[in-house]
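Protein chains in written order, with the numbering used here: chain G, 1 to 113; chain U, 1 to 112.
Think of the hints as simulated: they come from the structure by calculation, not from any bench.
Note that the coordinates shown come from a computational prediction; the quantities given were computed from them, not determined experimentally.
The beta carbon of each residue, even a glycine, is placed where N, CA and C say it ideally should be.
Some hints could be false.
Stated by the list, open to error - Incomplete in silico selection of chain U near chain G, CB under 8 Å:
1) Ala29
2) Tyr32
3) Pro34
4) Lys42
5) Gly43
6) Gly55
7) Lys68
8) Ala70
9) Phe89
10) Gly99
11) Leu100
12) Phe102
13) Lys104
Said to hold, decoys possible - Okay, the calculated beta carbon distance ranges per label pair:
14) G/Lys7 to U/Leu46: 19 to 25 Å
15) G/Gln28 to U/Ala70: 36 to 42 Å
16) U/Glu39 to G/Glu86: 23 to 29 Å
Claimed, not checked - In silico DSS-like pairs for lysine-lysine, Cα to Cα no more than 30 Å straight-line:
17) U/Lys58 to G/Lys7
18) U/Lys71 to U/Lys57
19) G/Lys65 to U/Lys71
20) G/Lys65 to U/Lys42
21) U/Lys57 to U/Lys104
22) U/Lys68 to U/Lys58
23) U/Lys42 to G/Lys7
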Amino acid sequence: SAVISQKPSRDICQRGTSLTIQCQVDSQVTMMFWYRQQPGQSLTLIATANQGSEATYESGFVIDKFPISRPNLTFSTLTVSNMSPEDSSIYLCSARGNAYEQYFGPGTRLTVT
Amino acid sequence: GENVEQHPSTLSVQEGDSAVIKCTYSDSASNYFPWYKQELGKGPQLIIDIRSNVGEKKDQRIAVTLNKTAKHFSLHITETQPEDSAVYFCAASTGGADGLTFGKGTHLIIQP
Numbered sequence: 001s002a003v004i005s006q007k008p009s010r011d012i013c014q015r016g017t018s019l020t021i022q023c024q025v026d027s028q029v030t031m032m033f034w035y036r037q038q039p040g041q042s043l044t045l046i047a048t049a050n051q052g053s054e055a056t057y058e059s060g061f062v063i064d065k066f067p068i069s070r071p072n073l074t075f076s077t078l079t080v081s082n083m084s085p086e087d088s089s090i091y092l093c094s095a096r097g098n099a100y101e102q103y104f105g106p107g108t109r110l111t112v113t
Numbered sequence: 001g002e003n004v005e006q007h008p009s010t011l012s013v014q015e016g017d018s019a020v021i022k023c024t025y026s027d028s029a030s031n032y033f034p035w036y037k038q039e040l041g042k043g044p045q046l047i048i049d050i051r052s053n054v055g056e057k058k059d060q061r062i063a064v065t066l067n068k069t070a071k072h073f074s075l076h077i078t079e080t081q082p083e084d085s086a087v088y089f090c091a092a093s094t095g096g097a098d099g100l101t102f103g104k105g106t107h108l109i110i111q112p
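Bound-form chain G, shown alone (with noise of 0.2 Å):
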């Protein structure tokens, strides 16, 4: 299984500010996704980060306000932009390899005020 990390792990932001969100693989993955949660409810998925070309997005989410990067094989960054309170979230970075299984990263703890 693959392990992930993420940076920060919680953060609090001002209104209108932007928030970069990193996710770090121990080892090459095929897939990295991107997925939100708001409290107390499930997870929704909000884009698969594309090695090498653009992300692609889930209805409702949309690049300018959640644009992706992903370098390489391990690594990718999610940033939310121009924030506002109803962004506050967790923000959850998943990894999957060769076969089916997903893993997610501990996430990262957004409050907007």
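Following the hints, put chain U in place on chain G, whose structure we already have.
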């Protein structure tokens, strides 16, 4: 797109008893069904999964069953212990480049 329904939202069982959580999915193309356990303040932990070419899979006290015809799958935990208390999520995927679609979660409470 895929829609995953999960029941119940809360389940309270006596320690030592069994717990069953059920999920249904809508997309017949889905072929991979994992279950995650999430403890407070942590990321989801993969505990068991099943592919669509298998009807049942077991790992110690945990088992998952899949009924492709009815489009539902279930998590069974036997001999429950206090450390089983957590939120459990089912999910479905068509595999390939697709991510996971999650159910809303079940808060499992193990009563001493």
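Satisfaction of the U/Phe89 interface hint, Cβ to chain G closer than 8 Å: Since the shortest Cβ distance to chain G is 6 Å, the answer is holds.
Chain G contact restraint on U/Gly55 - CB to CB distance below 8 Å: With a minimum Cβ separation of about 17 Å from chain G (threshold 8 Å), the hint on U/Gly55 is violated.
Given hint U/Phe102 near chain G, where the shortest CB pair must fall under 8 Å: holds, 5 Å
Restraint check for G/Lys65 with U/Lys42, where alpha carbons must lie at most 30 Å apart: holds, 25 Å
Supplied contact hint for U/Lys68, tested at 8 Å Cβ to chain G: violated, 16 Å
Cut-off 8 Å, beta-carbon criterion: hint that U/Tyr32 touches chain G: Holds. Min distance 5 Å.
Restraint check, 8 Å cut-off on beta carbons, for U/Gly43 near chain G: holds, 4 Å
30 Å Cα cutoff - pair U/Lys57, U/Lys104: Judged against 30 Å, a Cα distance of about 23 Å means the pair holds.
Pair hint U/Lys58 and G/Lys7, alpha-carbon separation not exceeding 30 Å: Violated: U/Lys58 and G/Lys7 sit about 35 Å apart, past 30 Å.
30 Å Cα cutoff - pair U/Lys71, U/Lys57: Within the cut-off at roughly 16 Å; holds.
Satisfaction of the hinted span 36 to 42 Å by the C-beta atoms belonging to G/Gln28 and U/Ala70: holds, 38 Å
Restraint satisfaction for U/Lys104 [CB to CB of chain G, less than 8 Å]: holds, 5 Å
In this structure, the hints that do not hold are numbers 1, 6, 7, 8, 17 and 19, in rising order.
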